[in-house]
Structures are given as structure tokens and as C-alpha cells.
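Engineer: When you get a sec, could you build the whole thing from the sequences and use the hints?
Protein chains: 2
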Amino acid sequence: MIFTNSTSNSFELEFEELLSRGKMDIANVSGIVGNIIKEIKKDKNKALFEHIAKFDKWEPKEDEDLKISAESMLHAYNNIDGELRDALHLSYDRIKTYHEKQKPKSWFDDEPNGTILGQRVTPVDSAGLYIPGGKAAYPSSLLMNVIPAQVAGVENIVVCTPTPDNEPNELLLAACHLCGVSEVYKVGGASAIAAMAYGTENIPKVDVITGPGNIFVATAKKMVFGDVNIDMIAGPSEIGILADESANPNHLAVDLLSQAEHDEMASSILITPSQNLANTVKIKIEDWLKKLPRQEIARKSIEMRGAIIVTRDMDEAIDLMNQIAPEHLEIATNNAFELLASIKHAGAIFLGHYTPEAIGDYMAGPNHTLPTGGTAKFYSPLGVENFMKKTSIISFSKKAINEIGEECALIANTEGLTAHEQSVRVRLEK
Amino acid sequence: MIFTNSTSNSFELEFEELLSRGKMDIANVSGIVGNIIKEIKKDKNKALFEHIAKFDKWEPKEDEDLKISAESMLHAYNNIDGELRDALHLSYDRIKTYHEKQKPKSWFDDEPNGTILGQRVTPVDSAGLYIPGGKAAYPSSLLMNVIPAQVAGVENIVVCTPTPDNEPNELLLAACHLCGVSEVYKVGGASAIAAMAYGTENIPKVDVITGPGNIFVATAKKMVFGDVNIDMIAGPSEIGILADESANPNHLAVDLLSQAEHDEMASSILITPSQNLANTVKIKIEDWLKKLPRQEIARKSIEMRGAIIVTRDMDEAIDLMNQIAPEHLEIATNNAFELLASIKHAGAIFLGHYTPEAIGDYMAGPNHTLPTGGTAKFYSPLGVENFMKKTSIISFSKKAINEIGEECALIANTEGLTAHEQSVRVRLEK
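Chains as they are written, first to last, in this note's numbering: chain A, 72 to 501; chain B, 72 to 501.
By construction, these hints were calculated from the structure, which means they are not laboratory data.
All values reported here derive from a predicted model rather than from experimental measurement.
The beta-carbon is built from N, C-alpha and C at its ideal position, and this holds for glycine as well.
Take these hints with a grain of salt, some might be off.
[What the hints assert, rightly or not] Derived lysine-lysine pairs resembling PhoX-like cross-links, with alpha carbons at most 20 Å apart: (1) K176/B to K94/A; (2) K276/A to K113/B; (3) K176/A to K293/B; (4) K113/B to K94/A; (5) K174/A to K167/B; (6) K132/B to K94/A; (7) K172/B to K176/A; (8) K113/B to K132/B; (9) K109/A to K94/B; (10) K112/A to K415/B; (11) K276/B to K94/A; (12) K415/B to K174/A; (13) K293/B to K293/A; (14) K172/A to K174/B; (15) K94/B to K94/A; (16) K174/A to K176/B; (17) K172/B to K172/A; (18) K112/A to K293/A; (19) K293/A to K109/B; (20) K176/A to K112/B; (21) K371/A to K353/A; (22) K176/B to K415/A; (23) K109/B to K172/A; (24) K176/A to K174/B; (25) K415/A to K469/B.
[Unchecked claim] Listing some non-contacts, in silico: residues in chain A with all C-beta distances to chain B over 10 Å: (26) E110; (27) H146; (28) E154; (29) Q173; (30) P235; (31) R383; (32) H491; (33) E492.
Structural biologist: Here you go:
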């Protein structure tokens, strides 16, 4: 763990380490992933069968074996605990409500001379959602990917998830039924990304692929980008917390650990002007660690990638946090909304003392798929727009083109594009 | 040229060829481009100097030599023809007006229990615009990339453009002054993309890179994607025209040629239920070709990548065009707006008999940077949003978290993430 002060001599080097936290060595796996993609493009399901036998340790015999039946999803849904089912429904409803507000609208504008200009927003035809499987199969990931696609109006939604030993995660199946998803395939990793990007005998080619995954999945998404669209290239999860003395150190400690328990590579970073708060949070982290079932992962993460930084003042803390551009940012102060204007980059901002990051993972409504590793400087949270695309609308009347056609033809001519020029001129009145 | 009928025996094969028009062989150049990027990352300007000597045939001596001075831009602006300057100003104003309408707004919503949820939209800090140089240096490309970045509110805008023989294109310089762009570097190709993605001694690292280019530029953009954001991976330009007997065949012929004159690899495709129209357009293309200064390019493009397809009816024509998903789509019928609802995919749609595609390249207002090769199925036109990113805003009151905290903690617990669960529970009232 980096436990430091911004005035320390070693600070610059320590901070550099935090800024480079997101670097993924895609080059290391791109050979392997490139071959996987080639195999799937060439041999389709035959290649998938081999990859599944190798990585998931079961042997599909025919194309249908890849698909999870609607009955098993219904069965899983009926068999989960009733309170959990209600909680998932509440989560579904809240996520849907938020994403509906986010949906962009088409617009048109006209000018008195008969010009009509606009922007039309329509859903993509099909989307492929990748959901990690096995022990880390999270129903919340399914909800967070399916709902924006549904709100966008995507007609064909395909889900791929690996099922080690051919044992689908029952919670995930229940969530599939709850969301009304019917095309779910037991395929994982880079193979799944390639299958959805190029299609196989029974897995349809899609237009957009979203969803979290390990470095193989991230690399495959980067490689198929251009043939399909993707949401973003995401790395390990991370939290940044800005806090002052008004914060509860016990709360902050468990908030930091809620990222650390995800993954040894997750980053948990507290920046505060209060040395007192920093010291107490450090002690509380140790207390909490002892109580966590995922203590081993969380401890390694905190040791390797955790940081507590004490700054001269809150302005400096904010400046450092803007450089970090964290996936999740908690502002644990009494004046959280006052500080908002100074925050330049973050995937999601959690304001005040009653907004733990975890409420955003499941229940608040906004998406929990967020840009990591500093990419919040240019990527956005997953949302309805990832499943839609825009089309410009242009319509000129005879009068309208006569008003600006000469100027248009002049620029075209200057650029040496005379067919462009003539295509306007032939429509002008002599 | 493919001149065919949808009922022909060979049609399926011919149509397949049209659908695969956009395939770029990125694999062929990825070795070269990968090395260029590595060199720029390692040696920065030293590597740039070498690449410039090799490709642009001039030898920068020091870092400052890469930058174009404000004086030379002002000088170019003052020296261009007055009517052209006015036309460029009109173009600038119309593009700006359209893009301002496109700019997304932040929004917030609150619930009576004290929950505040929202979506904040803010500009990226910096953008790098790539503008092809030499003979194909188009001032319109500069306007179409700069204006959305400016409307977004990007503080640092950097332009890179190659200058063969160290002779900048005067029109481009004039457009830079007109747009108020001050950081313009004489660097081109994959080297320019790498320089903007990773920074050099004096070219700043940016967050988003946009702009057109050849396959080396496109490949470099794909490779740096993830370290920065990019707009899209674009290939050769293309036009699709849907028309009936109400269309003027002479106009359609020159409209088709306005794409063909761009590039031998450009595609120009007319689909119509009228055999009569098809025949006449074919003849008119031949007539126009003889009059074009860029006849050689246009002729090769029409021969290799042109197509006229006669269909059973307009419904079939529309269905085929939706599969093609063209960059530019003209609907040259009297009922263009009635057909709009049936169009699923296109970068931009030009409606009616007085809306040639070229009006959208320069003057209409919407962006002329559009998805090619069928990627209109999932990509959008370049726009203000390419230079902005979103942040989710989440704030819960004590009352609000008590209302849904139990359900949230239950899902977290079910997923095995107990620190997530506890981070909510510690904030609930006992």
C-alpha cells in the first residue's frame, strides 16, 4: 500500500505508479487472441467446441448444445429465494427508469426557405452481451448490459457466458428469465467475442458487443472493433475517495475494500487533506480485512494497488483525483455538491456520506459498467447510446439550394472536386 | 461496373461483392504501423524527423520546425480569394449552428426521499485532429473536425497534417486561421496518430483522435484505441441512391460521379425499380466522365466499384439499401420523406430532388465525416459527442439509502461480495 503525503520526496514517483495503474499488456496476449479469432472465423462452432473442451472442460456434441433452454432459465427463476427475486426486480425497475431518461431523441429543424436538417437516432439491429461466468457470474452484470439494449429498442439480443463443467450459474439464468432474454449461449472468453462478431452456425453475428471480461476478452474486443462496435476496453475495477474530517473512517475503509475484494489488480485510493482521517482509515481497513470471506484477494489488492494520500488541502486532493480520473469517485464531505464543479473526470460520482459505491453497482439506476484506468478522461459509462446510432437528415428545397448553392460549388471547385461542384450547379436556376 | 437486375441469376454473387466493399486489409499493414507507433513512443520527435524525411521529403532540424506559425496562417487567410473566404465563413457558420443543436446537456432528477441521479456531460481536455495533406488537403475536413470539438468546449485542439516538400496547403492554413486553431503540426500518417496518442517533446498527448486518412492512418487509430478514444475506423467514401422515375438521370449521374472522383476505391451505387432510369443514368455517366478533370480516378472507381441495380419494386430497393447501409444515401423520389421510415441504416440521408450529396460535404451543416463500408449499422456521424464524455451522478440521503439498502445488500451478498454488502449495511439505521 502506498501511504504517503503529497509533500513527501518520493511522492512524484508514487503518484506516477497510480497514474499508470490501468496499463494492460494487450501485446502479450494478442498473438493467442488473434489465433482464436482466426479459428472461429474459419471453423465456427467446430472451433468453439474445441475451445470449450479445453477451457470449460465439457464437450458439446451439436450446435444446440451451446444454447441454454428457456425452461432452465424459468426453472432457475422460480427456484431462487423470493426476497432475492424481489430485490432483482427492484434493481431491474430502477435501472430501467434511469436508462429511459438517458435515451436520446431524434430531432428535426426547418428553415423558412425549405431546408430541413436533423439527427435521427435509431437502435442497432443486434447486440451481443458478454457476461463472465463461473464463480464470478454476476446477475447484476446481466441487468446492466441487457437493460440499456432493451431501452434502446434492440430487436436481437444475444448473451454469451462461459459455463465451466457445463454448469450454468443459476442466479445468472434466473436473471436472464427476469430480463426476458432468450438467446443465451454457453461460450466464453475471446471465442465468444469472435463468435458474436462474425457469427457461427447458430450464434448470430451482431452489430455491437459490450460487457466486462479479462484481458483476453478485452483484447478480442479491441481486435474485432471496426467490424462491430464495442462499448470500451475496460481493465480492473477501481475507486477513488475524496474525503475530509466529516467522513466516517469506518465507512470509507469498507468502501475501499469493496473494490479491493473484486480483484487483486483492483485499485482503491483515498485522497484527503486530513492526516487524522488517513491514519484511522488505515487501521479500520485492517480491522475489516479480518472479517471478509474474500480477505485474501482484498488484502493482496490493498497491498499491491491501494493508496492513501494526504494533501495540503482539498484543492490539491481534487487536482490529483482529476489526474487519476477514477472509475468510481466518492466525495465523502458535507459539501459534496459544492465540490462537483471542480471534478473533471470520473466514470461515476457518488456524493455525500450516504452514497457508498456499492449502491451504484446494484440499485441506484445508473450503469455499473464504467471506464477504468484513467479512460474516464474520454470514455463514458455504458448506456443506451451504445446500442443506438445516429443518421444525419438533410433536405433542401429548390429555393434553399439556390440560396447557398453558389458558395458550395465554389468550395468544391477550389478543392478540385468538379463533380461535386456540378452536382450542385445542375440544380441551380440559370 | 455491376449493371444488374435483382431477378438475375448472378445477382446474389454480385450483391455479396457490394456488401463486402468495405473490407480493409488492416492485417497487411499492421506490422509496419505497429513499428511506427513503437518508434514514436520511444524516440518521439527524433523518430518523427526520420519519418518526415522519408515520406514527406524534407528535413526538420528542431522541434519548432514541426509547428506552423500563426503568421503563416493569417497570411494564407488574407491571401485567398474574397468570395472563397466568404463561402468558407458561411460554411463555418452553418456547421456551427447545426452542431450546437446537437450538443448534449447534463441532466439531474431527484426523488422525494432525497435521491439525486443524473448524467453529466463534459468536454474532453484535448483533441487531436488528423487532416490529410498534400493535394488532397481539404479545408472542409478541417472545419468538419474542428467545429464539433469547439462546440463541445475542448480546451486544447491539436491538428496534424502532412506537408510534402515542406509546402503546407495554403487553403488549409487559411481555414486554420478562420477556425481559430493555433496548434498545427506538419506531421502525417501513422506517425501523426502515434504522436498525438502518446505525445512528443512539443506535440501534446490528447484524449481523442478524429479525422480521415488512408489505411495506415486507420490502422494506427485502431491500434491506439483504448489509450485514447477515436471517432471510427473509416474506409473509402461511398454513395447509395434510391430513385424512381421522378428523378433526373442527369443529376443522378453526376451525384454518383461525385463519389467516384474521390478515390478509385469509392463505391457509387444506384438502386431503382426503373429499368428506364437505370439505362439513362448509365449513358449520362459516360457523358459526364468525359468532362471531368478527375476522369481517370472516377472512371476506375465506376468500373471497379460502381453498381446500378434494377429491382422488382421500391420495397426491394429499400431492403437492399438497408443491407448496404451506405455512408451517404440519396432518396431521389417525390415522396422521399414517406420512405424515410423504412430506411434503417445510413450515415446521412439526403432527401428529394434538390439535395445532392455534395451540399452535405460543405454547406448544409451536418458533419461530412460519416461511417463507411456498412458500419453505419453501428457507427454515427462525427459529432459534438465524440469530444465529450459522460459521468453518472449518484447521491443518496440517509432516508433514501434506508429505503432500498436492504435489497441492495442482499444482492451483493448473493454475489459473494460481502464488503459491498457491508458498505451499504453500515449506513443503515439499526
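Engineer: If a hint holds in the structure, say so; if it doesn't, say that too.
Structural biologist: Quick rundown of the hints versus the structure:
| no. | hint | result |
| --- | --- | --- |
| 1 | K176/B to K94/A | 32 Å, violated |
| 2 | K276/A to K113/B | 39 Å, violated |
| 3 | K176/A to K293/B | 29 Å, violated |
| 4 | K113/B to K94/A | 17 Å, holds |
| 5 | K174/A to K167/B | 24 Å, violated |
| 6 | K132/B to K94/A | 33 Å, violated |
| 7 | K172/B to K176/A | 12 Å, holds |
| 8 | K113/B to K132/B | 19 Å, holds |
| 9 | K109/A to K94/B | 16 Å, holds |
| 10 | K112/A to K415/B | 27 Å, violated |
| 11 | K276/B to K94/A | 16 Å, holds |
| 12 | K415/B to K174/A | 18 Å, holds |
| 13 | K293/B to K293/A | 8 Å, holds |
| 14 | K172/A to K174/B | 17 Å, holds |
| 15 | K94/B to K94/A | 30 Å, violated |
| 16 | K174/A to K176/B | 12 Å, holds |
| 17 | K172/B to K172/A | 19 Å, holds |
| 18 | K112/A to K293/A | 16 Å, holds |
| 19 | K293/A to K109/B | 18 Å, holds |
| 20 | K176/A to K112/B | 41 Å, violated |
| 21 | K371/A to K353/A | 15 Å, holds |
| 22 | K176/B to K415/A | 16 Å, holds |
| 23 | K109/B to K172/A | 43 Å, violated |
| 24 | K176/A to K174/B | 12 Å, holds |
| 25 | K415/A to K469/B | 27 Å, violated |
| 26 | E110 | 15 Å, holds |
| 27 | H146 | 18 Å, holds |
| 28 | E154 | 6 Å, violated |
| 29 | Q173 | 6 Å, violated |
| 30 | P235 | 16 Å, holds |
| 31 | R383 | 23 Å, holds |
| 32 | H491 | 4 Å, violated |
| 33 | E492 | 7 Å, violated |
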